[in-house]
Amino acid sequence: MTTLWLIPLFPLLSATLLVLSAGRMPRQLAALLGAGSVGLSAICVALVARTYLADGQVQELTLWTWMAVDNFTPRIAFYIDGLTVVMMSVITGVGFLIHLYSIEFLWDDESFCRYFAYMNLFVAAMLLLVMADNLLLLYLGWEGVGACSYLLVGFWYRDPDNGAAARKAFVVTRVGDTAMFLGLLLLYTELGTLDIQPLMAAANSQWQVGDTLPILATALLLGGAVGKSAQLPLHTWLPDAMAGPTPVSALIHAATMVTAGVYLIARNYELFLLAPPTLAAVAWIGLATLLLAGFTALAQHDIKRILAYSTISQIGYMFLALGVGAFASGIFHLMTHAFFKALLFLAAGAVIHCLHHEHNIFRMGGLRRRLPVVFWSFLIGSAALAALPFTSGFYSKDAILLSAWTLPGIGPWLWAGGLLGALLTGIYSFRLVFIVFFGEAHTEPDQQPGWRMSGALIVLCVLSLVGGWFALPLAGVLPDKDHAHVSHAVEFISIGTPLLGLLIAYLLFLGRQVSIASLAESPWGKALQDFWYSGWRIDKLYDALLVQPFKCLAHWWRNEPVDLFYNALVALSRWAHGRLITLQTGELRWYATSLVFGLVLLLAIMLRNAS
Amino acid sequence: MSMVVLIGLLLVGGIAAWQLERIDANLPRWVALATVTLALLYLVSVIAEIPAESFKLTPDPGDGDSWLLHLKLAWIPRFGISLELAMDGLSLLLVILTLLLGLIAIASSWSEIDFKPGLFQANLLWTLAGVCGVFLAMDLFLFFTFWEVMLIPMYLLIAIWGHENRSYAAMKFFIFTQVSGLLMLLSIVILAWQGVATGGELSFSYFDLLGLHLDGRLAWIAMLGFFLAFTVKLPGFPFHTWLPDAHTQAPTAGSVLLAGILLKTGAYGLLRFCIPLFPEISMQFAPVAMGLGVAGVIYGAVLAFAQSDFKRLVAYSSVSHMGFVLLGLYAWNNLALQGAIMQMVAHGVSTAALFMMAGALQQRLHTRDMTRMGGLWQQAPRMGACAMFFAVASLGLPGLGNFVAEFLVLAGLFAVHPGFTAVAALGLITAAIYALWMMQQTFQGAPDEQRQMDDFHGREMLAMVAMILALLWLGLYPQPVLDLAQPVLDGLHGVVTPGEHLAQTMTAGTGQ
Amino acid sequence: MTVADFQALSPLLVLAGGATVLMLQIAFVRSVSLTAALTVLTMALAALSCVHAAQIAPLQVTPLLQADSFALLFCVLFCIGGAATALLSQDYIRHHGDEPEEYFLLLMLSTLGACVLAYAVHVASLLLGLELLSVSLYALIAYPNKSILPLEAAAKYLVLSGAASATALFGFALLYAATGTLEFTALGQQLDNTQMGQSVLLVGAAMVFTGLGFKLSLVPFHLWTPDVYDGAPAPITGFLASVAKAAVFVALLRLFLDADLFRYRILVEITGFLAILSMLAGNLLALLQTNIKRMLAYSSIAHIGYLMIIFMACITSDNRNLASEAAAYYLVAYTATTIAAFGLLTLICAHQVERENVELHHISGLFWRQPLLGGLMLVAMLSLAGIPLTAGFVAKFYIFNAAVSGHNWVLLATLILGSGIGIYYYLRVVYYMTRRLEQHHVQPTVVVSWHAKALSCILIAGILLLGTMPQSLMAYLRSIL
Amino acid sequence: MGGLQIPLEHVLLLAATLFSCGLMGLMLRRNIIFMLMSLEVMLNAAALAFVAAGARWQQADGQIIFLLILSVAAAEVAVGLGLVLQIQRRFKTLDMDQVNRLRG
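Chains as they are written, first to last, in this note's numbering: chain W, 6 to 616; chain C, 4 to 515; chain V, 152 to 632; chain B, 8 to 111.
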């Protein structure tokens, strides 16, 4: 299919034009270009998807050979299969809606053009990431989205805190990326190629299940995935990354970029299947992350931070799915999560937009009647997030939990953990809804969302509700767990847990049956709340272990310790000069004496040598 | 003869620029621009005459006649010294880079110099001539001559047109390079006389000395002489300390030349002379050299982060980047070598751009201290965008030239020494830390509303756009560069045993 | 004495005759210009007569003098050096001395002494040449009478140089007592079968070394050098540093070669030892000097140290030709460079009677005020520092080759170390010269006569030519050695 | 020859003693005139050694050198005394420790 190259080209071109305009482009045109290019891409994706759904044929396109040294010949080439189609659809589809939303959200910002330039660049990079036929090109997209994330988090550059958040996002993910980089080197060195399909074939033929090399390689790739997808232990950047504009959070830090890690593992699933320990690690990391983030989300005040932790937690579910071998379920959850989390972020953005950039949920309240569209969007999004029955989140999360259950050995443990997470999800998501939209009003909204914002919200509401019924074209592309024979008890527990969570949230935050205040005031409660609020003190830990030592080292070395050596040489020369020059007294008698000394010296050397 | 014309053109252009200052102070820069453009056009015309298939043939490192161009004129027969110039793909690549960055340097100093502009441009052109000579000379004596001669105008550029602490910086620069240069001269002479000892005529020609066998300690001394000279220039850890000072104090054009091309002469020397002339010893020495490379990568990056002076930061980033070159060269396999060559080119462009940026900032704000900047994006968005581009280029963003280079180097190195690769890869993280910190301190943050600052003008923008396009091209389609260098590397592989056989040569060496 | 003998000695005769003519001329007409012109003319004639003499070289004239190409080459060099000094001196001495004509007479005699040294193959001729050179120099140093520094310098030089001569002579007397001959060649042959104790020989050799080492200002006999160089008039300092030193060096080298003293390892090692000391101490002493004359004085110590490497390189006999060539080239290059450097100082001081020495800040911005003089100084400094394209580099390269071929690694290491230190003070001069002038810091103007300008151009061209086109001189040196 | 044969060694010892005396004088005396005198002593010691050595070898060379040294010494003293006069006039002292402007 020759139109494949148009898909990333539209946003790329648009980004280039926006950059070249140097901010002088009229807003209307910039908006048209920014959102329109993504829309065009979405149309192209739809065409590609239609073809694929019709014939199930993998589509490939090679543009040019990137570089050729010996047998190292990565190409700029695309590989489109079901997985790619799903990802592309999410990126362009959700991406278009968010662009549309952004037009209104950022209309008054002085850097309107710059915003759309970054956003389009991001979409292009993300598309490259998922369309890449080899890991190097994937890495290009991978780093590209990282850079765009950096640019967008730090979009409001005047506040140094935003800059710090952006840097943190980039550097922390870069740690993971470097592991992935080494993974690529290892794969190339051992298997001689980075083209994904030949690579899988080579791995399958050269390596046995459980060999050291595939474990090492997948562990390194997992490092990259963990970094990008904000999983333990590299998750700390995502909550801070909320410093960016809210649509950015919706697009990058909820719907697309952060799920790149999931995509990476799914894309290389054959490799991971060769390395069961890594796969187990994926599952455990996912579980640990989803629980940790769930608890943390309970204690947050900032509406976006709550959503950020919930994102971390939901990606934990995806990792769990991957880890237990339910790759398709993981991708399914990826898609539904993209819908409902984008919806939630956009709704939150609408709240923030209408409330003079207020982020603290305790200064909101009672918005149910004042912002009805937003309220319903948020409600639907939360329901899907909490996996209430028949929402999209329900289907995907249920599939993950059941897949975990069916895994022999550790499966039930993972299932139980996931269930606890589901309970937490129910609690924190409805805590948010109840506090923000019910109760007393603390701040009055000064405006209502316009048609672009509302439109995007409504479409996403629909998707969040019906997304669970989509049949993804992943059969044959990704393996999945068969969980048809799970007992009904397990299924009921899975369905019931989110409802329990909803009930608890109602009791705690709306029903006034149990005083949450007194619970929080007790010493244990307070300590626990602080502990959760700080994200389990992990940031502080990293600061003490890594950031401060690095800064100290840099400060200590600042004045070039190596120069001490050269300065010592200089000092030595100066000292010698000083000593020698004292001999130059100008006294004739001393000069005559020196003649005698010299003579005696020569005589001594000669006579000693002669004897 | 064409190579002599090329170098001569630059020399004469320098004299013309110097003298024409008397007529009009604006004339020298036009003369300089015209000279370099003319040299570039001349080079293109010379290349055009070489049949295209010659570029694909593998030049025999030991026989100049199989190279693209070769010229040998008698000079000092007493010592078997001749005016021997030769060009292969590698030299051609570097000469083109030199001339292009020469244009950038002239553009970057267009309005900066008001004291004796004629002599300034003359020194600029003479430096270019010296560097071109270094890349083309195939007689070791001639090579050494060019090697030293490019230093004098550079010294003058720093010492006359430099900033507040120029005396110290210029002196440090000169002493470091000169002392190490003398060591290299010693090695050259040792090598030549070893040729006599093994029954040949006294000759300083590279083609005669290649493949000469030196024994034991003498070979080590001679190799180390070359290595030191080139590593100081590269600069490799721990011989780099002249670089931050020289860069900080040099005028913009000086920094651009220094970072863009003078550092490359060190890498070129290692690749062309040090390793092929002493293949076994160099391969035994490789772990040490790679260790220095890794140390440079990390050390440079940490120190770059610690700086508050914009130019110093960029200078330390150069130390870090050139560490990759050292790694690539001593890993000595095709991937790593191609990576090292790519790094020479890409780093030349990206760092030149950053120094130009530093110069532009200094010209506008009269300071290089980043603690006194901040929020400049508001006043100068074009500068900010360019700075951002080159910052992410320098941290190795894929799609730009530096990434291709670093990836190839590390990919090649991984096959030889995974441990070093892992440590060197940490440099990717630290690079992100300092590059972004630089952006934060300069262009981001709260702007000073009182400050008046011009954005880039058309001329500066033109230079920047050219370099942006160059980096994109290098990052997305580096094949022309790789193809140009590949035959040369093929030839060199015949001379030097690759790094994979390191262990074997070492056991063979101790067995003797 | 045959006609051929006269022909062989023609340079010496021309100089001696010229001196007589000059004396007569001064007796009748006092004219500086005329005297200077006659001096330059005589020296040029003497240099030309060397070509004439070369036709019959080598020829031994009496046991005292040997007219060979080696001697003639240096005669030419000394005559050119003397002529250049005379040219440079003209303005200087007119302002600094009362009756300047005799100055040229003394200069001529001094040059004659240097030429005799080049010819000397006998202790007697060595003594004569040395003393003719030295005694004339005492007077030349003290010549400017408007300042007291030359007087002090001359007194110091006289006393110390006399003591050194006496020491050397005593040493020769001991050698004579042991061997019974004063000719270098015979002396060398007799050394092995002397009846006296070895210690007499050693003491004699040590005393000769001391005496000649003093004249060469080798460390540890160097203490006088900066004081005398500083106090002496600048042109004479140049002469002292170049021609006088070269002459003594040539004599010493001739002594070693003719008597084949390289057989005695200890003697050669002493030269190596002194070379190392001189290279290090000379460079270190010069390091922080701000007085340019003193700085150059110390640097001359270092340069003689570099030159002394030649002796060690001569140990293996098949390396001797290369080493002698290197020495000859080095002396030529060094003479040209030194005359250029001191010539510049001369021109700066020429019109300022009060100025006793030249500090670094005096030449601040010289490159912009007087581009020609600045260029001269730049070239001279680069040549002294041994930067390619200058004579100094080719000379150093020669020494490198000789030492590498002779495997003198320690000396080479010291040479590199010394050169590294040297760069600092040479470049500091360049830095000061190229400093931008501040408005309030007004420097006195320097008036430069046309012949000084011409000489500057010739010196710049000469140094650069020796550095870029050394092949013909090299070929010539190779043919005569 | 006849008469008393003085052994060469004795004469050389005498010469060495004289030479040392001269050196000591040079090192210890401050007055320039005495320094010049010490210098003469040294030169004459060398000359004496030459004469003795010449006698040993039955050659005239030693005596010829003696004559040369004598004339050289005369020339040195001539210049030296001229300097002494000037020093007295300009420095108002003959103490060489006082004539010490050049140093460092």
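Because the hints were derived from the structure by calculation, they are not lab data.
Honestly, I wouldn't trust all of these hints.
[To be verified] Restricting the straight-line Cα-Cα distance to at most 25 Å, the calculated cross-link-like pairs of lysine to aspartate or glutamate (DMTMM-like) are:
{"id": "1", "chain 1": "B", "residue 1": "Lys99", "chain 2": "W", "residue 2": "Asp548"}
{"id": "2", "chain 1": "V", "residue 1": "Lys297", "chain 2": "B", "residue 2": "Asp102"}
{"id": "3", "chain 1": "W", "residue 1": "Lys531", "chain 2": "W", "residue 2": "Asp544"}
{"id": "4", "chain 1": "V", "residue 1": "Lys297", "chain 2": "W", "residue 2": "Glu592"}
{"id": "5", "chain 1": "W", "residue 1": "Lys545", "chain 2": "W", "residue 2": "Asp166"}
{"id": "6", "chain 1": "C", "residue 1": "Lys59", "chain 2": "W", "residue 2": "Asp75"}
{"id": "7", "chain 1": "B", "residue 1": "Lys99", "chain 2": "V", "residue 2": "Glu250"}
{"id": "8", "chain 1": "W", "residue 1": "Lys556", "chain 2": "W", "residue 2": "Asp544"}
{"id": "9", "chain 1": "C", "residue 1": "Lys59", "chain 2": "C", "residue 2": "Asp372"}
{"id": "10", "chain 1": "V", "residue 1": "Lys297", "chain 2": "B", "residue 2": "Glu47"}
{"id": "11", "chain 1": "W", "residue 1": "Lys545", "chain 2": "W", "residue 2": "Asp75"}
{"id": "12", "chain 1": "W", "residue 1": "Lys556", "chain 2": "C", "residue 2": "Asp486"}
{"id": "13", "chain 1": "W", "residue 1": "Lys556", "chain 2": "C", "residue 2": "Glu204"}
{"id": "14", "chain 1": "V", "residue 1": "Lys297", "chain 2": "V", "residue 2": "Glu253"}
{"id": "15", "chain 1": "V", "residue 1": "Lys297", "chain 2": "V", "residue 2": "Asp343"}
{"id": "16", "chain 1": "C", "residue 1": "Lys119", "chain 2": "C", "residue 2": "Asp68"}
{"id": "17", "chain 1": "W", "residue 1": "Lys545", "chain 2": "W", "residue 2": "Glu565"}
{"id": "18", "chain 1": "W", "residue 1": "Lys531", "chain 2": "W", "residue 2": "Asp548"}
{"id": "19", "chain 1": "C", "residue 1": "Lys75", "chain 2": "C", "residue 2": "Glu204"}
{"id": "20", "chain 1": "W", "residue 1": "Lys531", "chain 2": "W", "residue 2": "Asp164"}
{"id": "21", "chain 1": "W", "residue 1": "Lys556", "chain 2": "W", "residue 2": "Asp307"}
{"id": "22", "chain 1": "C", "residue 1": "Lys75", "chain 2": "C", "residue 2": "Glu56"}
{"id": "23", "chain 1": "B", "residue 1": "Lys99", "chain 2": "V", "residue 2": "Asp249"}
{"id": "24", "chain 1": "V", "residue 1": "Lys604", "chain 2": "V", "residue 2": "Asp469"}
{"id": "25", "chain 1": "C", "residue 1": "Lys75", "chain 2": "C", "residue 2": "Asp372"}
{"id": "26", "chain 1": "C", "residue 1": "Lys75", "chain 2": "C", "residue 2": "Glu52"}
{"id": "27", "chain 1": "V", "residue 1": "Lys297", "chain 2": "V", "residue 2": "Glu510"}
Note that this is a predicted model, so its numbers are computed, not measured.
query = Taking 25 Å as the top limit, are the C-alpha atoms of Lys75/C and Asp372/C close enough?
reply = Measuring from Cα to Cα gives roughly 50 Å; hence the hint is violated.
request  = For the pair supplied as a hint, Lys604/V and Asp469/V, confirm whether the alpha-carbon distance does not exceed 25 Å.
outcome  = violated (44 Å)
ask   = For the pair supplied as a hint, Lys556/W and Glu204/C, is the alpha-carbon distance within the 25 Å limit?
value = violated (58 Å)
ask   = Between Lys297/V and Glu47/B, does the CA-CA distance stay at or below 25 Å?
value = Roughly 30 Å separates the two Cα atoms, so the pair is violated.
message = Please verify whether Lys531/W and Asp548/W have alpha carbons no more than 25 Å apart.
response = holds (23 Å)
request  = Measure nothing beyond the straight line between the CA atoms of Lys531/W and Asp164/W; if it is 25 Å or shorter, mark the hint as holding.
outcome  = violated (31 Å)
query = Holds or violated: are the alpha carbons of Lys556/W and Asp486/C at most 25 Å from each other?
reply = Violated, at about 43 Å.
request  = With a cut-off of 25 Å on the C-alpha distance, tell me whether Lys59/C and Asp75/W pass.
outcome  = Given that 25 Å is the threshold and the Cα spacing comes to 15 Å, the pair holds.
query = Is the hinted pair Lys99/B and Glu250/V satisfied, with a Cα-Cα distance of at most 25 Å?
reply = Measuring from Cα to Cα gives roughly 24 Å; hence the hint holds.
ask   = CA of Lys297/V to CA of Glu592/W, is that 25 Å or under?
value = With a Cα-Cα distance of about 23 Å, the restraint between Lys297/V and Glu592/W holds, given a limit of 25 Å.
Lys297/V paired with Glu510/V [C-alpha distance capped at 25 Å] = holds (19 Å)
inquiry  = Against the 25 Å threshold, does the CA-CA distance of Lys545/W and Asp75/W hold or violate the hint?
reply    = Since the Cα atoms of Lys545/W and Asp75/W sit roughly 47 Å apart, the hinted pair is violated (cutoff 25 Å).
Comparing the model with each numbered hint stated earlier shows that hints 1, 9, 10, 11, 12, 13, 15, 16, 17, 20, 21, 24, 25 do not hold.
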